[in-house]
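J.: Sequence:
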Amino acid sequence: MAVVEELIRIENNETLSFGNYKLSAKSKLDNFEFGGDLYKVKTFQEITKLERNGMFVYESVPGTTVKQLHVADSGIEFSVEGPEDAQITLELEEQAEYHVSVGGVSVGNMKTNLGGKLSLSVELSEDAPVAVQIEKA
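Mapped onto numbering that gives the first Met the number 0, the consecutive letters of the sequence shown carry residue numbers 0 to 136.
Derived by calculation from the structure, the hints in this document are not laboratory data.
Just so it is clear, the structure is predicted and the values come from calculations on it, not from any experiment.
Don't take each hint at face value.
[Stated by the list, open to error] List of simulated lysine-lysine pairs, BS3-like, C-alpha gap at most 27 Å:
no.	residue 1	residue 2
1	Lys21	Lys48
2	Lys48	Lys110
3	Lys21	Lys39
4	Lys21	Lys41
5	Lys39	Lys25
6	Lys41	Lys25
7	Lys27	Lys116
8	Lys25	Lys48
9	Lys39	Lys27
10	Lys48	Lys27
11	Lys39	Lys135
12	Lys48	Lys116
13	Lys39	Lys116
14	Lys27	Lys41
15	Lys116	Lys41
16	Lys25	Lys135
17	Lys25	Lys110
18	Lys110	Lys135
19	Lys135	Lys116
Whole structure, please, built from the sequences with the hints as guidance.
T.: Right, here's the structure in full:
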């Protein structure tokens, strides 16, 4: 899986891909339209962040590349790649419980906080994408 050179793009299956963890300087792209929403991405080696209509969606430390991000009322799924393990934070429904799978393995249920944030660590290595699925329990 390669980085997203254009920072964010729409895939053929109507999902989003974004992020370039190989950049040494912070880069951003604003007002990217997809599905009637406006997206903003900031990405480089240290962090990758995605916002939709000014609201937080995804953040990873260090930076990552995300492919085929699909957000639904029932949860979120994507593949992620990076040069090293990453802490990923997602915004979902406030104080809701979600079933989390990483790399096809269930890591159990997790509950979001008052702000709807859910954080997880993902073991990553370059050129080895890891599937993440988070579904409302």
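J.: Give a verdict on every hint.
T.: Quick rundown of the hints versus the structure:
| no. | hint | in the structure |
| --- | --- | --- |
| 1 | Lys21 / Lys48 | holds, 14 Å |
| 2 | Lys48 / Lys110 | holds, 21 Å |
| 3 | Lys21 / Lys39 | holds, 19 Å |
| 4 | Lys21 / Lys41 | holds, 13 Å |
| 5 | Lys39 / Lys25 | holds, 13 Å |
| 6 | Lys41 / Lys25 | holds, 7 Å |
| 7 | Lys27 / Lys116 | holds, 23 Å |
| 8 | Lys25 / Lys48 | holds, 11 Å |
| 9 | Lys39 / Lys27 | holds, 7 Å |
| 10 | Lys48 / Lys27 | holds, 9 Å |
| 11 | Lys39 / Lys135 | holds, 25 Å |
| 12 | Lys48 / Lys116 | holds, 14 Å |
| 13 | Lys39 / Lys116 | holds, 18 Å |
| 14 | Lys27 / Lys41 | holds, 4 Å |
| 15 | Lys116 / Lys41 | holds, 19 Å |
| 16 | Lys25 / Lys135 | violated, 33 Å |
| 17 | Lys25 / Lys110 | violated, 31 Å |
| 18 | Lys110 / Lys135 | holds, 10 Å |
| 19 | Lys135 / Lys116 | holds, 14 Å |
The structure does not agree with the numbered hints 16 and 17 stated previously, though it agrees with the rest.
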